[in-house]
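One letter stands for each residue in the lines below.
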Amino acid sequence: MSKKVGAPEALIVDGKRLDGRSPNEFRPINIEIGTLKRANGSAEFRFGNTYALAGVMGPRPFHPKALQDPQRSIVRVNYAMAPFSTKERSKPGKSRRSTEISKVINEALANVIFAEDYPRTGIDLFLVILQADASTRCAALNAASLALADAGVPIRDLVVSCSVGKVDGTLILDVAGLEDNFGDVDMAVATIANQDKIVLLQMDGIITKEEFMTLIDMAKKGCGQIYDMMKAKLYEKYVATPAEEGA
Amino acid sequence: MSKKVGAPEALIVDGKRLDGRSPNEFRPINIEIGTLKRANGSAEFRFGNTYALAGVMGPRPFHPKALQDPQRSIVRVNYAMAPFSTKERSKPGKSRRSTEISKVINEALANVIFAEDYPRTGIDLFLVILQADASTRCAALNAASLALADAGVPIRDLVVSCSVGKVDGTLILDVAGLEDNFGDVDMAVATIANQDKIVLLQMDGIITKEEFMTLIDMAKKGCGQIYDMMKAKLYEKYVATPAEEGA
Amino acid sequence: MSKKVGAPEALIVDGKRLDGRSPNEFRPINIEIGTLKRANGSAEFRFGNTYALAGVMGPRPFHPKALQDPQRSIVRVNYAMAPFSTKERSKPGKSRRSTEISKVINEALANVIFAEDYPRTGIDLFLVILQADASTRCAALNAASLALADAGVPIRDLVVSCSVGKVDGTLILDVAGLEDNFGDVDMAVATIANQDKIVLLQMDGIITKEEFMTLIDMAKKGCGQIYDMMKAKLYEKYVATPAEEGA
Amino acid sequence: MVTLKPSESYVRKLVEEKVRIDGRNFDQFREIKIETGVIENAEGSARVRIGNTMVIAGIKADVHEPYPDTPNEGFIVVDCEMVPFASPEYEPGPPSPESVELARVVDRGIRESGSINTEKLCLIPGELVWGIHIDLHVLDNDGNLIDAAALAAIAALLTAKLPLYDPDTKKAVYGKHGEKLPMKDRPVEVTIGKIGTTLMIDTNAEEEAALDARITIATNEDGNICAIQKGGNGYFTTNELEAAVDLAIAKGAELRAMLPSL
Amino acid sequence: MVTLKPSESYVRKLVEEKVRIDGRNFDQFREIKIETGVIENAEGSARVRIGNTMVIAGIKADVHEPYPDTPNEGFIVVDCEMVPFASPEYEPGPPSPESVELARVVDRGIRESGSINTEKLCLIPGELVWGIHIDLHVLDNDGNLIDAAALAAIAALLTAKLPLYDPDTKKAVYGKHGEKLPMKDRPVEVTIGKIGTTLMIDTNAEEEAALDARITIATNEDGNICAIQKGGNGYFTTNELEAAVDLAIAKGAELRAMLPSL
Amino acid sequence: MVTLKPSESYVRKLVEEKVRIDGRNFDQFREIKIETGVIENAEGSARVRIGNTMVIAGIKADVHEPYPDTPNEGFIVVDCEMVPFASPEYEPGPPSPESVELARVVDRGIRESGSINTEKLCLIPGELVWGIHIDLHVLDNDGNLIDAAALAAIAALLTAKLPLYDPDTKKAVYGKHGEKLPMKDRPVEVTIGKIGTTLMIDTNAEEEAALDARITIATNEDGNICAIQKGGNGYFTTNELEAAVDLAIAKGAELRAMLPSL
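Chains as they are written, first to last, in the numbering used here: chain W, 85 to 331; chain U, 85 to 331; chain A, 85 to 331; chain H, 487 to 748; chain S, 487 to 748; chain P, 487 to 748.
No wet-lab data here; the hints were simulated from the structure. Backbone N, C-alpha and C define an ideal beta-carbon position, used for all residues, glycine too. Incorrect hints may appear among the rest.
Once the Cα atoms are required to be at most 30 Å apart in a straight line, the calculated DSS-like pairs of lysine-lysine come out as [what the hints assert, rightly or not]:
(1) S:K662 x S:K519
(2) H:K666 x H:K606
(3) H:K657 x U:K88
(4) A:K187 x A:K100
(5) P:K519 x S:K656
(6) H:K504 x A:K175
(7) S:K666 x S:K606
(8) S:K519 x W:K171
(9) U:K171 x P:K666
(10) A:K88 x A:K149
(11) U:K178 x U:K100
(12) W:K175 x U:K175
(13) A:K305 x U:K175
(14) A:K187 x A:K304
(15) U:K171 x P:K499
(16) S:K606 x A:K88
(17) S:K606 x S:K662
(18) W:K175 x U:K178
(19) W:K281 x W:K317
(20) S:K662 x W:K121
(21) U:K293 x U:K100
(22) P:K656 x U:K171
(23) W:K149 x A:K178
(24) P:K499 x W:K281
Now the stretches of chain U that chain H is said to cover, found in silico as 3 or more residues with beta-carbon under 8 Å [said to hold, decoys possible]:
(25) 119 to 129
(26) 217 to 229
(27) 240 to 252
To be clear about the criterion: a stretch of chain H counts as covered by chain A if any three or more of its residues have a C-beta under 8 Å from a C-beta of chain A, and this derived list gives those stretches [stated by the list, open to error]:
(28) 539 to 552
(29) 565 to 574
(30) 617 to 629
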């Protein structure tokens, strides 16, 4: 295939990536919990310039009543890109891409939400990408997990997600924008906590079975690291603060 | 009016039509019943390259409940062209044309469906044109009648349909694609069985009263022929097969 | 700012406006009540070439039932421009402009409608601009008030509306098309009857506080004049006609 | 004000006794009023009243690319808005099937009769042509909408003047009306209703609620047929069709006599 | 976390006693924070917090054809997304009337003040201009959305840099920021709420539930009015309007002092 | 005719006993039929039946502007229509999330494998290219739709011929088929379902109702992976993933053997 417009000369130079990272290194990760005041729960998650914001509304009575599930809460996930999140303005509103991502994130979270605890209700997760630099679905899913925890929705454990890929023949962790656009393989993975339970998996690009198994391994380790960071942040917020002691 | 782009020199040459037919001759007609496995009833009907597929879902409880009719079944007809059915791709989704055709087919079938036998239910007819070479609404209506019969929906008799028209001054039966695009008159007619009861009638183009009455006569005879073919096919499927004897 | 395409040399010449009016003069005002036969109430209101038609449907049971308000009638306002109402054809359907105007007209009328007299019902006001020459929302609101009265919906008093503005440095009453397009300020005002109660106020353009207060004063006087005309027309229709005496 | 609907069965019973609910003959129109030029901003316009039914048609012309199969011809587009105050059954929202059918049947009468010389609407062959928008606004529906709408459309077309065309900007200049539309024919549509075995024209809303079937027949200046649409859940026999065609031709001539000349 | 709403009547009773639910003076803002440059992919951006209310504005510029009536000027478009986690009342779907009104009122303040020199946004006269998209994302609604959104919009505009324009491809080149936007004024909007006969600025969500009416007044650098929008089901008297204008001018100056300079 | 659904629990119980509801082996397809050229108006077409599941794919090509980031390449678009007679659960209306996902997963298999030489679809560099529309019509859904749809798509592509391109009008000329599509690979997709701890291919509708999770793996001619999509509310372990990949490669080769050659 001819080189795409805007492609850099190389994505790996002297073993380093364009932003100076080594192949198996995350971008700076930033986590904030409870950033929204009106939502029932909320969180921000950043991989470098990728910036996702999640808010949970509910559990609350589901409307219309005729569609309530008497056995469980109906979880809905709405993933959307802010129009200013990308270099070229993204048209607001649902796209086929956002519909698909909302679906796979919903399926990933279904593994951990005790939906049967809240019959006849709805739990709405709104995920907004404020800035996009690849791995947006991973950031959104991590923010979603934290927002559910912040909302007090009972979950088995946190779902955690990161991306892996292949650029210039090298297997990498945490794919960034140019690596996504001009690399060979992009793969999003999510696990339940640090367990060997893969709840989200999407891959694009040509790869051998062996490379695939290696990437799965890298992704699981990456998810484990993120799990530790997310747990630490929740601990800091809910356990370690004096405010809570006084409550 | 100037000649339209793509118009052939003549539509009738030596008394024969472009595809070799005589004026009062059908294209090859092909009928299949019960082609779909998940629908409650289904049928295919072809006039030459015009290829219609009909599926019936129901009678089944109508949703939303608030709109159920306590006296009768609500019949809905949905006529649609597959995007690949035409030379230039047809945009999927409802068009004004498909809305109108769905309406007149529904009105034609209303003459024969015992809707009062199934109060509070809905009967949904989905008609798909897989390939279009004129007379698509006639093919769709014939397929619809057979699909209703296949579904076991009680009907007074079959509604049958064919087109007639006028090209190069000649009155013709079963209008094909170029004849529709470049001819003078196109008329779709449907009757109840071989009776003198016209339940669908749409005409475009300039014609005298006398020509119109002649076309009506041709159409009624054509519908009678189709009725015989459709009845024979139903007989073959439901009466003549050994499988049924064993039931 | 550079002169806009199509702008006239001046909007005020020798103290007169393009259509010969003095600054504080209305265009010819024309009022008709009960022009529609099937609506529960209707009226036409014209400022010169601006031509608004209002029809009221209801109070009638609100659908869907689940959304009925047990305390009051739900009033809905739908303002729309006919496609042929403007020099360049207006695309039919809702626009952001029509959504906003429907909202502010609804809020203005909320001051006078005794919605609590008709719980569980809906009152639908459809406002159609048949011809647009500025001040369309004012004409629509006046027509709406009269249509409510014609429908017998109990109201505290009539809401009346007119526009004021500033062109070529002059403060004017009843802004017309070119004055709106090429003037400095356009302001729509509505009051309850001739009272000092401003229920609609929208302004565009740069103006000092003093000019604004003067415009408010001009608008209130203008509304008072319109109120007298509207009352006279209602009297003529409902009180002064022999037909009513016989009833 | 809404009038109370006589029940469907009462209308049908009267028809069996050969009486219409409003006392008219079965081949008699209600009072018809045609006003043209009612909307100055439109290139052409007409308000038609048939009894209590009222429809406004407005014509707007704009510069467009031609359709690929007619590169040297202008085109028409017919749209219909049934304003929800026109009938208690109407609702705001996308066009109903009834509204779509109305627009398409009016369109066919105008198009199939060749009433507009679309070749004369060509500005630059293969590049730019006039697109003629015919917008129908149904304001009051007391039955027989199709005939009223078709009449409003042709009256508006017959009195319409094109905007000027500015060859520099390749755009229309509005407000300065130019030539008349190149009209060649005056098609009208007559809808014949059937209740039981009785045919009638110009059905009102009460009659339409009781109708078995209807057929709309468009005829041209020569008294030939140029478009037909059958509607409703019932059927027509061949004899009924013939009677309907005769009615459409005779009554179409009556309507045409009320129209501006070509 | 959701806070329980004090009842509307409680808010109103307090106001009668000249007390606000959160103890502020009637002409006092909650704490205001303005951060600019929060979204690197945007040409300009700002996050504004007024109390618990939070709005992000992002600016994107692209190359477009000009509008026919301003062939030598760029243009602005304001859109508003009320993210459904910002309030329990919001729902996903097409913009609500409130959202449409918000975008239009913010648009008018910017447009009518002449704050952007749109002539300088012309790339090829009559052919190509910069179109400036101002996207407002309401993230947390605790009242006074319009003022927060207008403030975010102007803060984002004041710090925005256009992309480069590539004359060969006639397209924008993103990621390499060029000149600042040609800003001429710094309009701000102040919304005055009315409960009973009391006027107040910066109403929070509890107060807005109890509001009789509100009026938004945009003012420019000169202290003149450049746009007004009255909202709500109540009315204003002339004296109340005058008081509202005075408040808007005085409080607008306070807001403007928090903005980046021109 | 609708078949009665065995309950989900019955299917699961059988699977625990290592039995499938229809008696097949867990790595066994139902009967597969591929017919190509079923729609003459399409540039290419295929009807695929896997058991009672039936999907038609139709290819249409048209002349378009290229996408900005690939100015010298044609493009593909995949759309999916789940006709509502294909399953009692389907409804008319905009595409469901399932339908969107299906189209996107089929798209990725074709796109990521590089199966179409999009550079050869360029007509005028930077100006005009062929856009290839792949429309999937799901006519009967008895499970395993993705594999059937992907198979129909690639079979249709492999037998498709482009329309002629008319350099004068810069338009496509239909009905006169020109060159074959420039195909380079034959990707196929195999979806592996998981019930309890058992993996299986080609699940039917009854099995899908009982599924914990599924994973679709697209492989190319070389036996490498070119796209993956996990679906469903359950999870896969690493060992399960490895087994799924092995199944996809082996069974993909079986499917590929049924396809027309390159």
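These are the hints, each one checked on the structure:
1. For a cut-off of 30 Å, the pair hint linking K662 of chain S to K519 of chain S stands: about 28 Å separates their Cα positions.
2. Between K666 of chain H and K606 of chain H the alpha-carbon distance is near 11 Å, which keeps this suggested pair within the 30 Å criterion.
3. Our distance criterion of 30 Å between C-alpha atoms is met by K657 of chain H and K88 of chain U, whose separation comes to about 26 Å.
4. Taking the CA atoms of K187 of chain A and K100 of chain A, the gap is about 35 Å. The hint is violated against a cut of 30 Å.
5. Note on K519 of chain P and K656 of chain S: the hinted pairing is violated, with a Cα-Cα distance of about 51 Å set against a maximum of 30 Å.
6. For the suggested pair K504 of chain H and K175 of chain A, the alpha carbons sit about 46 Å apart, so the restraint of at most 30 Å is broken.
7. Taking the CA atoms of K666 of chain S and K606 of chain S, the gap is near 11 Å; set against the 30 Å cutoff, the hint holds.
8. At roughly 26 Å between alpha-carbon atoms, K519 of chain S and K171 of chain W fall within 30 Å of each other, so this suggested pair holds.
9. Between K171 of chain U and K666 of chain P the CA atoms are separated by roughly 17 Å; this keeps the pair inside 30 Å, and the hint holds.
10. Using a Cα cut-off of 30 Å, the hinted pair K88 of chain A and K149 of chain A is violated, with the two alpha carbons roughly 51 Å apart.
11. Proximity of K178 of chain U to K100 of chain U is assessed by CA-CA distance (about 37 Å); at most 30 Å being required, the pair is judged violated.
12. Under the criterion of a C-alpha separation no larger than 30 Å, the hint pairing K175 of chain W with K175 of chain U is consistent with the structure, at around 21 Å.
13. This hinted pair does not check out: K305 of chain A and K175 of chain U have alpha carbons roughly 56 Å apart, beyond 30 Å.
14. Annotation: proposed proximity of K187 of chain A to K304 of chain A holds, straight-line Cα distance about 22 Å (limit 30 Å).
15. With a C-alpha separation of about 51 Å, the suggested pair K171 of chain U and K499 of chain P falls outside the 30 Å cut-off, and the hint is violated.
16. Among the hinted pairs, K606 of chain S with K88 of chain A is consistent with the structure: their alpha-carbon atoms are about 15 Å apart, no more than 30 Å.
17. Distance restraint check for K606 of chain S and K662 of chain S: the Cα-Cα separation of roughly 19 Å lies within the 30 Å cut-off, and the hinted pair is therefore satisfied.
18. At most 30 Å may separate the alpha-carbon atoms for a hinted pair to count; K175 of chain W and K178 of chain U meet this at roughly 24 Å.
19. Restraint check for K281 of chain W and K317 of chain W: the C-alpha separation of about 23 Å stays at or below 30 Å, so the hint holds.
20. Proposed proximity of K662 of chain S and K121 of chain W is contradicted: the alpha carbons are some 36 Å apart, above 30 Å.
21. Among the hinted pairs, K293 of chain U with K100 of chain U is consistent with the structure: their alpha-carbon atoms are about 25 Å apart, no more than 30 Å.
22. A hinted pair counts as satisfied when its Cα atoms are at most 30 Å apart, and K656 of chain P with K171 of chain U qualifies at roughly 17 Å.
23. Restraint check for K149 of chain W and K178 of chain A: satisfied, since their Cα atoms lie roughly 29 Å apart, inside the 30 Å limit.
24. Restraint check for K499 of chain P and K281 of chain W: satisfied, since their Cα atoms lie roughly 23 Å apart, inside the 30 Å limit.
25. Counting residues of the region 119 to 129 of chain U whose beta-carbon sits less than 8 Å from any beta-carbon of chain H gives 0, not enough to reach three: the coverage restraint is violated.
26. Judged by the Cβ-Cβ criterion of 8 Å, the region 217 to 229 of chain U is not covered by chain H as claimed, because only 0 of its residues qualify and three are needed.
27. For the region 240 to 252 of chain U, the stated coverage by chain H is violated: 0 residues have a C-beta nearer than 8 Å to a C-beta of that chain, whereas at least 3 were required.
28. For a cut-off of 8 Å, the count of residues in the region 539 to 552 of chain H with a CB near a CB of chain A stands at 6, and the three-residue condition holds.
29. Beta-carbon proximity to chain A at under 8 Å applies to 8 residues in the region 565 to 574 of chain H; the threshold of 3 is reached and the given coverage holds.
30. Using a Cβ-Cβ cut-off of 8 Å, 7 residues of the region 617 to 629 of chain H lie near chain A, which meets the minimum of three, so the contact claim holds.
Going down the numbered hints, you'll see the structure goes against 4, 5, 6, 10, 11, 13, 15, 20, 25, 26, 27, while the others check out.
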